[in-house]
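S.K.: Chain E is already provided as a structure; the job is to place chains R and W on it using the hints.
The residues making up each chain are set out below.
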Amino acid sequence: MFELLGVPPQALFGQVLLGLINGSFYAILSLGLAVIFGLLNIINFTHGAQYMMGAFVAWMCLNYLGLNYWAALLLAPIIVGATGVAIERLLLKRIAHLDHLYGLLLTFGLALIIQGLFRNQYGSSGLPYAIPPQLTGGQNLGFMFLPNYRAWVIVASLVVCLGTWFLIEKTKLGAYLRAATENPTLTQAFGINVPLLVTLTYGFGVALAAFAGVLAAPIYSVNPNMGGDLIIVVFAVVVIGGMGSIMGAIVTGFSLGLIEGLTKVFYPEGAATVIFVIMVLVLLVKPAGLFGRAA
Amino acid sequence: MTDLASTDAAGSGLALSETDDSTARLHRNLFIAIAAVLVVAPFVAYPIFVMKVLCFALFALAFNLLLGYGGLLSFGHAAYFGMASYVSAYTAKHWGLTPELAILLGTAVGAVLGLVFGALAIRRQGIYFAMITLALAQMVFFFSLQTPRFTGGEDGIQAVPRGKFLGLISLADDRALYWLVAAIFLGGLLLIYRVIHSPFGQVCKAIRDNEPRAISLGYRANQYKLMVFVLSATLAGLAGATKAIVFQLASLTDVYWTMSGEVVLMTLVGGLGTVFGPIVGAIVIVAMQNYLATLGAWVTVVQGVIFVLCVLLFREGIVGVIAKAIKKPL
Amino acid sequence: MQLKTILATTALATLMAAPALAQQITVKAGVLNDRSGLYADLAGEGSVIAARMAVEDFKAAEKGIKVEIVSADHQNKPDVGSTITRQWYDQDGVDLILDVPTSSVALAVSQITKEKNKVHINSGAGTSDLSGKACSPNTIHWTYDTYALAQGTGGAMVKAGGDSWFFMTADYAFGHALERDASATVTKNGGKVVGAVRTPFPGTDFSSFLLQAQASKAKVIGLANAGSDTTNAIKQAGEFGIVAGGQKLAGLLVFLTDVHSLGLQAAQGLVLTESFYWDRDDGTRAWSERFAKLNGGKKPTMVQAGVYSGLLHYLKAVEATKSKDSATVMAKMKEMPTEDPLFGKGSIRPNGRKMHDMYLYEVKKPSESKGPWDYYKQVSVLPAEQAFQPLAETGCSLVK
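Sequence order for the protein chains is E, R and W. The first sequence begins at 1 in our numbering and counts up by one. The second sequence begins at 1 in our numbering and counts up by one. The third sequence begins at 1 in our numbering and counts up by one.
One chain only, chain E, in its complex shape (with noise of 0.2 Å):
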């Protein structure tokens, strides 16, 4: 049989498809991300504190309030994205005209005080949360088995994906989001209420960071930590695809998770490593990112 470096082909499709489905909560992690960076100039390290939150809220509807996997689908971006607002406002507000540095160092201690009275509250070795029984199960492609919840998970993502980019880049909402992001003083000069856009913005992102998590619930288990290494990554990829950039952020997102897949395969040792090497040359080479305009 025709084998690629030891590999049949077919196992490669299996491997090709799953780095995809990894590379959809990159997508939608390093869009959030992307949509905050565009407009607050703000690196958000909560972002990976907000996946896991979204996590949990999915848990606690279930377990606290009896409700399903597709009312938390729905209810947990709206509440994170809620505490988002509030974070925006209380805090992140207040440092707007400094360094963006600032904001960085200010997320990065907000993520340590999540995560830590998470751990608090609910331990460390995560809380199980089963498959909608709706996409249980899965379908034998031939060259693989493919659970139908990854399936859903390539899809869901792929249509919040698509659906941002039309959003900020196709409607009249989205042009004031970039016309901000270019002038906020001259958008705000013509009626925009600007501070509004940028709350609503950063809400809209964390929700995006919460919609991953409440996806990633069934998956992964609901774990305190399972933000907290993700969003190293997830900034590798931000700055890969250049930062600020919608379609860049997506696009990125997607081929990362296949790159990574594949090394998951060829060279299993270094999949932890790969998106970083990558980085490093292509900040070499492009340093504004491979979507990115020069600053």
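Think of the hints as simulated: they come from the structure by calculation, not from any bench. Beta carbons are placed, not taken as given, at the ideal position from N, Cα and C, and that holds for glycine. One thing to keep in mind: the hints can contain errors.
To be verified - Here are some, though not all, of the chain R residues that point toward chain E, as calculated from beta-carbon distances under 10 Å:
(1) Ala-121
(2) Arg-123
(3) Phe-141
(4) Gln-146
(5) Phe-150
(6) Met-288
(7) Tyr-291
(8) Val-302
M.R.: Same frame as chain E, now just chains R and W:
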């Protein structure tokens, strides 16, 4: 990027009174006071605790040199600290080097690593710089994780012999080792102080405050930045290498990204861009970790709260506030 | 350590206030474990509760032994652990350290304990090196080790027909040690290892590796990992229909709390080895009942049970020798047979290995379980002599 350091440094009136005589006298007295405290400390406090504080203080000083005077926020200083600590521990344990040679070798590795990473990173600014340093440090972390033959994997290099200083004086006793560590710390502090107040340091500050202007004056900004970067990495390496001998252990904690975050916190608490701030910051954070050790996850929460409060209300840090109050740079 | 100073002063005050008991021995035991991270649930505060129960059950006060218990969080980091250990021994007058999960920290603690000539009774860590090439006259390894787990799970599965194995190994020293011990057992029992993959540690997504394991057609997939790596891998194996497809999962290090966090739906059918399960007999049930009341309803893990049993045995030795001199107490502990309701009768080998039976369990189906914490059914008992590494093979320098 520039505003980060300048809001603090210039805000406390640092640039104004540097040649001021009374300031020089104040600094000299402070150095005498620090030396006096160093002499008394091991008799009053637990020597290992004091040595830990000194190692971290040196680490924070090194970091602050880059941020406060080079205007570059590195989020990957754990790489130099940790790698130097591995080299120092490895050579002391497996090659049987005397402690001072092991520390020197570790420091040298910190310097080389700083040169390579610095050359890559200084080409970018601000957030990109922070992210690149973070990514490079993560690569060092994965390297350390995957070369257990050298680093001992997650076990770290344990039971590192303290050995004999110059092959003569045994350092097995905590106090004996303490004098070596105190001397290293004081040497590092004096070196940093000299660098900041040298013509080289002045140029660095000029670049930090206004890079295009410094370039137009004929300074090769990137060379200066690289030199500060390497110096900072070297001193971070010195701190890490010393820590390995003190604790007889080099472990993954020292190369993990949270270590990079911790040194930022120390510097922020003590006062960005002040000479003495990082020392105070290191004392506060190390003491806090020690006293709160029984509280488990609350330590993280408390650290996070300190981070947030510092950024919101207290950007000058402890020493920065004092400097403002007495209207003298510290 | 402010809290501890206060404790110490109160202890001192009580001592002074009771001059009549001047003869009494004061023992200070430190429970050092993970209180905030991955292993906080299987050790953590529960181990401190277990230690207090040991003091209570021993009726220490009546026997003229005053026991004080302190605790700290080592965060699974050898540097944090060794700092606390040094401080406890140098500054705070701690006589013995209990628990210490996470092998890397345990090795560091054991080494400092030897240097300072104190006592370390380890319950939480897995590495068989603690009683092997890193053995120490001052350390007892109480509850389990990687060798015994591999013997239990590996041996049993091969005998049950699972003779071809594929390992998913967390890419760090402990994962490699688990794989090494388990593949030795598999081969020794006539099975064969068809492949292995090293997964980045810690990992969240194992689907890619599971597909590789599936493609290997091995009958058993050995999970040489721990904590959330294991739970994630098991969860995802269910999702990808690995178990439904006829391959079996073997968890080489799975605790009761892991099964609890997975839920029976995901964990059912998993085969694992433990030295203690709360629902084994009347003795363990009664003790676990009391423990659960103090621990927010959570049943004890074998690690927590081991802390209880180890401290109890130490106190017996102190009582017998009327001394807390490390060498004297260690000699007595190794000489006396061990006995308690949790682990039954046992002994301690010269290399510091505590000997007791190990049990092979299978995780129940949701339909078989009566409710939370009713998770295991016993498959077989592995006598101590078979479970633990033969003394001569340990490579311990204390064995002549």
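S.K.: Now tell me if each hint is right for this structure.
M.R.: How the hints compare with the structure:
1. Ala-121: holds, 9 Å
2. Arg-123: It holds, given that the least Cβ distance between Arg-123 (chain R) and chain E is near 7 Å, below 10 Å.
3. Phe-141: Hint on Phe-141 (chain R): holds, closest Cβ of chain E at ~9 Å, below 10 Å.
4. Gln-146: Holds. Min distance 6 Å.
5. Phe-150: Cβ of Phe-150 (chain R) sits 15 Å from chain E, so the hint is violated.
6. Met-288: violated, 13 Å
7. Tyr-291: Since chain E brings no Cβ nearer than about 16 Å to Tyr-291 (chain R), farther than 10 Å, the hint is violated.
8. Val-302: holds, 8 Å
This entry does not satisfy hints 5, 6, 7, going by the numbered hints stated previously.
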